[in-house]
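A.B. asks: Protein sequences, first through last, are from chains Y and D. full-length UniProt numbering applies: residue 1 is where the first sequence begins, and numbers increase by one. full-length UniProt numbering applies: residue 1 is where the second sequence begins, and numbers increase by one.
No lab work stands behind these hints, which were simulated from the structure alone. Backbone N, C-alpha and C fix where the C-beta goes; we use that ideal spot for every residue, glycine too. Honestly, I wouldn't trust all of these hints.
What the hints assert, rightly or not - Partial list, computed: chain Y residues near chain D (C-beta under 8 angstroms): (1) 42; (2) 46; (3) 49; (4) 53; (5) 109; (6) 114; (7) 115; (8) 118.
Said to hold, decoys possible - Simulated restraints, written as ranges between beta carbons of each label pair: (9) Y:37 <-> D:273: 45 to 53 angstroms; (10) Y:105 <-> D:67: 53 to 61 angstroms; (11) D:245 <-> Y:104: 16 to 24 angstroms; (12) D:82 <-> Y:37: 38 to 46 angstroms; (13) D:41 <-> Y:105: 52 to 60 angstroms.
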Amino acid sequence: MSGHPPGGTAQRRDEVVLDSSAGVVKARQLVRTLAQEARLSLVDQTKLVTAASELARNTLVYGGGGRMQAETLTVNGRSGVRLAFTDTGPGIPDVELALTDGWTSGGGMGLGLSGARRLVDEFELETEVGKGTQVTIVKWVR
Amino acid sequence: MTHDGGAQRLVDLLTAQSDEFISQWVRSVGESLRGRISLTELGQELNELYAAILSGLQHGGLASRGEAFAEVRSLLMELSRNRARQGFTPTETAISVFALKDVLERSLSGGGEEDVRAYLQFARLLDDLGLFTVESYARTREEIISSQADQLLELSTPVVKLWDGVVAVPLVGTLDSARTQVVMERLLQALIDYDSTQAIIDITGVPAVDTQVAQHLLKTVVAARMMGAECVISGIRPQIAQTIVALGIEFGDIPTKGTLADALRHALSAIERDRKLAEEYGGGLL
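Isolated chain Y (complex conformation) (with noise of 0.2 angstroms):
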């Protein structure tokens, strides 16, 4: 995970391991709390609750397991919450097609990636076939 930027502080981290739906579960109540402790207003709460969701749901489906780290943190003054979804799975061969509204690999709507990409402020995808895959997203209070 990339170090924190200049000035920034981490104020509070946790930590899921995403190996079961109930890990799934658990993400999106952590989610929820440090959204609501960062004091992100009720639209952006549910739209980074709803892209954990979809991040760690593919983690779980198609990473084969694997865990998200949560923090709050304040860069410049500017407030935020930070996840990151990690795992040891195949990693992702076409990144652009797997953003691609509608492809999926899966059985799923294929909005997943691409749709959390859209609720959130800053989107960070790193993979390699065969390592892994690492999701960073971030979002900031208005």
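Based on these hints, arrange chain D on the given structure of chain Y.
C.D. replies: For chain D alone, kept in the frame of chain Y given last:
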């Protein structure tokens, strides 16, 4: 042979001072549970357990997982089951066993080498029984949790008849595949049972609608349509609406409403429309 000797020494010790040991044991366990269980009940439990341990030692030596300790194990299983149901912590449950060590330890001060060895063997036996207690405690908790999850699944998906020809499912909580399956089955059955042509799925109580939830909802609506029923999804709050749009989910031609009241109005007017159509065009045939 040393084991048998140790066991014999223990039997002698435990028999000689049994009343004293039991009362100390009950007091010590009672203190740790701080009156949340009556001393009479506790006394009865521990008396039985004491007798069973003694008989186990007499017949089977120190093999806690052997045949001779079957009764001890079944008593402990019952004890941990009760404690788990009554909401005691694992520590408070296991202390019922471990406290017997302290009782015996106190009586051994000044004892000979043989007594110490016997005590150590007894301690090992109780450790094992303690572990067994915690194991059964955990198993019971798991049983409770999984039965609660099942109950929740049943409870949280009622299908109600809202009006003549209109059924509604108020969904509360997380929608996973298992629950959606239950919802779909119930809804389709209710359409038949109540002779309904309109179904309302209210998601006011669903905290977040992600693609999986949406996909489940869409499947349910499609299945209801195959049975000739129309579905309305209601309870779409502003934050959910914005999230659904940003995600890119399209509900297509499925009518969605903000509140259950709006959905009911929609359903009733659809029924009225169908009735008029039937009168105008189908009157001759019917």
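A.B. asks: Next, verify each hint and record whether it holds.
C.D. replies: Outcome of the hint check:
1. With 8 angstroms as the threshold, the beta carbon of residue 42 of chain Y comes within range of chain D, its nearest partner Cβ sitting at about 5 angstroms, so the hint holds.
2. About 4 angstroms separates the beta-carbon of residue 46 of chain Y from the nearest beta-carbon of chain D, less than 8 angstroms, and the hint is met.
3. Interface hint status for residue 49 of chain Y: upheld, as the beta-carbon distance to the closest one in chain D is roughly 5 angstroms, under 8 angstroms.
4. A cut of 8 angstroms between beta carbons decides the hint on residue 53 of chain Y: the least distance to chain D is about 4 angstroms, and the hint holds.
5. Annotation: residue 109 of chain Y was flagged as interfacial toward chain D, and the flag holds, the nearest CB pair being 5 angstroms apart, inside 8 angstroms.
6. The criterion of a C-beta within 8 angstroms of any C-beta in chain D is met by residue 114 of chain Y, whose closest approach is roughly 7 angstroms, and the hint holds.
7. A least Cβ separation of about 4 angstroms between residue 115 of chain Y and chain D falls short of the 8 angstroms threshold, and the interface hint therefore holds.
8. Hint on residue 118 of chain Y holds. Least Cβ distance to chain D is approximately 5 angstroms, under the 8 angstroms limit.
9. Checked against the hint of 45 to 53 angstroms, the C-beta distance between residue 37 of chain Y and residue 273 of chain D comes to roughly 50 angstroms, which is consistent with it.
10. The hinted range of 53 to 61 angstroms is satisfied by residue 105 of chain Y and residue 67 of chain D, whose Cβ atoms lie roughly 55 angstroms apart.
11. Range check, residue 245 of chain D to residue 104 of chain Y: about 20 angstroms between beta-carbon atoms, so the 16 to 24 angstroms window is met.
12. Distance hint check: the CB atoms of residue 82 of chain D and residue 37 of chain Y are about 39 angstroms apart, consistent with the given range 38 to 46 angstroms.
13. Taken as a hint, the range 52 to 60 angstroms holds for the pair residue 41 of chain D and residue 105 of chain Y, whose Cβ atoms sit roughly 59 angstroms apart.
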